[in-house]
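Q: Residues per chain are reported as follows:
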Amino acid sequence: MNARRFVDRSRKDQELAEEIESHLAHERDANIARGLAADESRRRANVRFGNARTTRERVWRYRSLPWIEDLWRDLRFALRALAKTPGFATVAVLLIAVAIGVNTAVFSVTDAVLLKPLTYPDPQALVELRNLSPQGSFPGANIPKFNLWHQQTSIFQQVPHTTSGDRDSTLRAVTIHSRCREFMSRRTISRCSALR
Amino acid sequence: MVMNRPPDAGEILQGTLDMLILRTLVLGPAHGHTIAEAIERTSENALEVEQGSLYPALHRLEDRGWLSSEWGVSENNRKAKYYQLTSKGRKELAAAAGRWRRMTHAIGLILGESFE
Chain A
1 MNARRFVDRS RKDQELAEEI ESHLAHERDA NIARGLAADE SRRRANVRFG
51 NARTTRERVW RYRSLPWIED LWRDLRFALR ALAKTPGFAT VAVLLIAVAI
101 GVNTAVFSVT DAVLLKPLTY PDPQALVELR NLSPQGSFPG ANIPKFNLWH
151 QQTSIFQQVP HTTSGDRDST LRAVTIHSRC REFMSRRTIS RCSALR
Chain B
197 MVMNRPPDAG EILQGTLDML ILRTLVLGPA HGHTIAEAIE RTSENALEVE
247 QGSLYPALHR LEDRGWLSSE WGVSENNRKA KYYQLTSKGR KELAAAAGRW
297 RRMTHAIGLI LGESFE
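Sequence order for the protein chains is A and B.
Taken in order, the first sequence gives residues 1 to 196; the numbers are from this note's numbering.
Taken in order, the second sequence gives residues 197 to 312; the numbers are from this note's numbering.
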């Protein structure tokens, strides 16, 4: 693309207007030479050329970067519209600000709870032992059961437990082993791991 | 005003106006009105230069450095902007004419010589 195209537009437009005027004058001369009256020759010259302003606009458009100018015009229009109704503009700005704030807060929590890895070495190796029954799966064990888990399982490095806080505490077993890659909800782990 | 235009008079194919302008200016500097007239007369009025396209084309060609221009006085004793072919424009004309000939040759091959 040639840079010459975009510079000095006003002067070039002026020159184009003169050029078109000159063209029409020559066309008029030619028509008069064919024996037409002055009025008719002028009319025909104009009809033949068409809309001179459209031509100038075409060249002007060609000498511009339309999307930048459109963008600029849209921006100015938006600012004018907002300035016209300051109350609405204020509410809109505040609403957007609050929305962004809430979004950020929610994401921070989501990030901390769900997305960031747990602050333990090899967090993927953490699993929770659960009971399976036809009714579904549930966590928890009484002390004898926990002792069984604790002693009999050899694939886990460690089987610590957490308590749910009640006095007659149901035990939840959390096991750690590097070979065990079973995926589970990290939120469950973070709830349990504090009491490891 | 050309009233005795053949009924099948066509508009100039898109993209060929530039080439026709360059070709016309080989004969010497000319202003827009003369260029349009020359194209129409030389094509025996088969082609009509849409005058709204002529000046945008001239300005585009000048921006590309294929034409240069200066104001002068026409044969009618009127002010007119004269366009002149540059050496770059001459090269472009040769290239464009070559492309055009190859294209029409290829299309001619497809249509066939004796097609009526």
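Mixed in with the good hints there might be a few duds.
As the list claims (entries may be wrong) - With a Cα cut of at most 27 Å, we get these calculated DSSO-like pairs of lysine-lysine: (1) B:Lys284 / A:Lys12; (2) B:Lys287 / A:Lys116; (3) B:Lys277 / B:Lys287; (4) B:Lys275 / A:Lys12.
As the list claims (entries may be wrong) - If we take Cβ atoms under 8 Å as the criterion, some of the chain B residues that face chain A in the derived model are: (5) His227; (6) Ala242; (7) Gln247; (8) Tyr251; (9) Pro252; (10) Arg256; (11) Asp259; (12) Ser270; (13) Asn272; (14) Arg274; (15) Lys275; (16) Ala276; (17) Lys284.
Stated by the list, open to error - Covered stretches of chain A (in silico footprint by chain B; criterion: 3 or more residues with CB under 8 Å from a CB of chain B, positions within the stretch not fixed): (18) 49-62; (19) 113-124; (20) 137-146.
Rather than coming from a laboratory, the hints here were simulated on the basis of the structure.
Every residue gets a Cβ at the ideal spot worked out from N, C-alpha and C, and that includes glycine.
Q: Of the hints given before, which are not true for this structure?
A: Numbers 2, 6, 17, 19 and 20, in rising order.
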